[in-house]
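Listed in order, the protein sequences are those of chains A and B. The opening residue of the first sequence carries number 221 in this note's numbering; numbering runs sequentially from there. The opening residue of the second sequence carries number 693 in this note's numbering; numbering runs sequentially from there.
Hints in this document: simulated from the structure, not taken from any laboratory. Computed from a predicted structure; not experimentally measured. All residues carry an ideal CB built from backbone N, CA and C; glycine is no exception. Check each hint, because a few of them may be wrong.
As the list claims (entries may be wrong) - Pulled from the structure, derived: some chain A residues nowhere near chain B, Cβ distances all over 12 Å:
#1 I223
#2 S336
#3 D381
#4 L474
As the list claims (entries may be wrong) - DSSO-like, lysine-lysine: derived pairs with alpha carbons at most 27 Å apart:
#5 B/K899 / A/K360
#6 B/K899 / B/K874
#7 A/K360 / B/K887
#8 B/K995 / B/K804
#9 B/K1003 / B/K1052
#10 B/K1079 / B/K995
#11 A/K360 / B/K928
#12 B/K1057 / B/K1087
#13 B/K995 / B/K845
#14 B/K781 / B/K1038
#15 B/K898 / B/K955
#16 B/K874 / B/K1079
#17 B/K887 / B/K899
#18 A/K360 / B/K1057
#19 B/K1080 / A/K360
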Amino acid sequence: MPIATELITHLLNGLVLGLLYAVIALGFMLILGTMEVINFSHGALFALGGYLALALQPHVGWWAALALAPVGVGLVGLLMEFGVRRTYGRDPLFGLLFTFGAALAIEELIRIVWGSRGYTISAPAFVAGPFQAGFFFYSKYRVLVAVLAVLLLGAVWYFLDRTPYGAIVKAGAYDSEMVRALGIDLARVRNLVFALGTFMAGIAGVIAAPMWSLKPTIGAEAVMPAFIVVVIGGIGSFWGAILGGLMVGLVSGLSNLVVPRGSILVMYLLLAVVLLWRPRGLMGQKSVLEL
Amino acid sequence: MGNRSTHGNKGLTRRQVLKAAAGIGAGVGFIGNWRWARAQAKKPIVIGLTCDATGTFADSGQAERRGMILAIEEFNAKGGVLGRPIEHKWEDTETDASVAVRKAQRLIERDKIDFMMGALSSGVAAPLSELAQRYGIIYFNSNSSSDTVTNEKCQRTNFAWDANNWMFAYALGPLVAKELGKKWFLLTHDYVWGKNATAVTRDVMKKVGAEEMGELFIPQGARDFSAQLLRIRSVKPQVVIANMAGIEQTALREQAAEFGAEKDAAWVFPQQDFPDMVTLGPKKSFGYFCTTWHYTLNEPGVKEFTERFQKRWASAPIPVPDNVSCNGYLAARELLRAVERAGTTKSHDVIKALEGHVIKDNFRKFPSVIREWDHLVGQMLYLARTKKESEMKGKYDMIDMMSAVPPEVASPPREISKCKMQSYAETPVYGG
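Just chain A, same shape as in the assembly (with noise of 0.2 Å):
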């Protein structure tokens, strides 16, 4: 394999990695944006959609499992949520500590019911394998996770920037008593933002499973690299947490071309890079994060 395709090999396995950390990440960055909660269960939550399919896809399939999986995960969300709404504008602690509560919880849960033993899931069959091009190959599934990832993406933007629905979640976090005084009903859009978010993070669980194995603490390996792509991004930036996700991706990517050691090293030393230049991310408002 001559150089040029290995870079490039690693290039796009770094693209698929930063797509993926994208998806998570925004879930998070809804939540926190809206609602000014660090939702620290979103972890939990996106084992959870991974474990949920791993029960699902052998009696419906892999595709309903896909669907399946990540709206059971919106249902806990928007239960939590109606815990979660009595942190509002209070302390942010008191949010993290609620949701940092419902993780434990949901982790210990998946342990009950799933054992703390690992699994391996398998990619689907249409997709099992390698496609090659000359010296050029990659596996198939992981093209099918950028797919999904950007699709995925592309609907939140959508959802965010052209819907009626997505300019009151936008002002709701942005100016929350004139959204009430126009006579929205503000709980019930926050609670629909939460039940999206930790949609999101289940859909990034499920689609992540064949890449990372299951086991019941998956769930904090993942909220930390989404946690730095949303300070990397800047808080609120719909767009901070995409190019975050890709940046985060692409220098672990090719960290692993150089120094396979040092692919988590550097994503700290990305984040400390950052801040010092803008304390507010690449695209960032003021936040919660700055009280």
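Assemble the complex: chain A is given as a structure, and chain B must be docked to it using the hints.
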């Protein structure tokens, strides 16, 4: 004076009082001792099981535990050992050294266990064996395979039941070089066992004249192996020696199938635990490997042991005995037999009963021996590959034992041992 004499005649004399007191004292003492002796006779022998149920070795940890429990129950069915029933107390060591040490300490200090056994990860087994030595409690390292625990870090109280890296590498190396090629690429699990396995592999490479094409470290807990698989494809080795274990190994194989990397080179997994193969299934368990045992072996006692195991663990995730659960069973059985031979649970006496002991009914062709100088259980090894689905006679009939290596060939010779074991005087006496 007169008063005293009159008083003495009417009541008890001082001598009588003393006699009565002595008699009562002796009686109470006797009853107390008798009760104590009875209580001791009935007091259970408690074995602490330090088996993982979380992390890299969750599956194998529970498999070894099933083997241990079966042996303990078989002894209890025969009336226990030295007239005492045997109990077991389990802690999930979570494939984490600090968790394992904390829980082992709790077993020793709070639960007052008499013996301790269980380990898959060498990163867990090494600190547990050091802890055990400090207390003087006998610890059976049932399934970890780094040679350091029977080499420079050997302990008087520690016994290693699994074959080790040296054995696996030296058994496989010559065959791999001859049959599969001499351009080798190394994948090293980034902890004590993996590093040790790669160090031994390099020794073997010198011996067989193999060339090293590169090495990549795999951190514990890593899940995405695409970068490593891409590197292997670009380097084009003939052989990949994957010194990886547990869930990371299964995840790597899963992704190798995703990238088609199983066809890029001949894959060799020097150490292969059966529970990981079950997780993968026959299609993805590609490559060559070494193992110590499988229930399909046609050797004395295997059939009966397998039947007993299947009866006891019919609903277990892996309802047949494998290399891990067989090690667990033999370790627990031999510990209890050694207690019987020693006639006590006192650690020094039990260690003496174990050292040099030959295990004939080990479900293999040649007996195993508990080596006196390093406490390694010298045993047979099998070179193996995964069967194709068409060759399998049942769901768990996955292993084709290609050839067997007898214990004297498979075990590291004493001349190369770096083990300087503590004397008995330096080892605290525990229990009894």
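Results for each hint:
{"no.": "1", "hint": "I223", "in the structure": "violated (8 Å)"}
{"no.": "2", "hint": "S336", "in the structure": "violated (4 Å)"}
{"no.": "3", "hint": "D381", "in the structure": "holds (32 Å)"}
{"no.": "4", "hint": "L474", "in the structure": "violated (10 Å)"}
{"no.": "5", "hint": "B/K899 / A/K360", "in the structure": "violated (41 Å)"}
{"no.": "6", "hint": "B/K899 / B/K874", "in the structure": "holds (11 Å)"}
{"no.": "7", "hint": "A/K360 / B/K887", "in the structure": "violated (33 Å)"}
{"no.": "8", "hint": "B/K995 / B/K804", "in the structure": "violated (36 Å)"}
{"no.": "9", "hint": "B/K1003 / B/K1052", "in the structure": "holds (24 Å)"}
{"no.": "10", "hint": "B/K1079 / B/K995", "in the structure": "holds (20 Å)"}
{"no.": "11", "hint": "A/K360 / B/K928", "in the structure": "holds (21 Å)"}
{"no.": "12", "hint": "B/K1057 / B/K1087", "in the structure": "holds (25 Å)"}
{"no.": "13", "hint": "B/K995 / B/K845", "in the structure": "violated (37 Å)"}
{"no.": "14", "hint": "B/K781 / B/K1038", "in the structure": "holds (19 Å)"}
{"no.": "15", "hint": "B/K898 / B/K955", "in the structure": "holds (26 Å)"}
{"no.": "16", "hint": "B/K874 / B/K1079", "in the structure": "holds (25 Å)"}
{"no.": "17", "hint": "B/K887 / B/K899", "in the structure": "holds (19 Å)"}
{"no.": "18", "hint": "A/K360 / B/K1057", "in the structure": "violated (47 Å)"}
{"no.": "19", "hint": "B/K1080 / A/K360", "in the structure": "holds (25 Å)"}
Of the hints listed earlier, those the structure fails to meet are numbers 1, 2, 4, 5, 7, 8, 13 and 18, in rising order.
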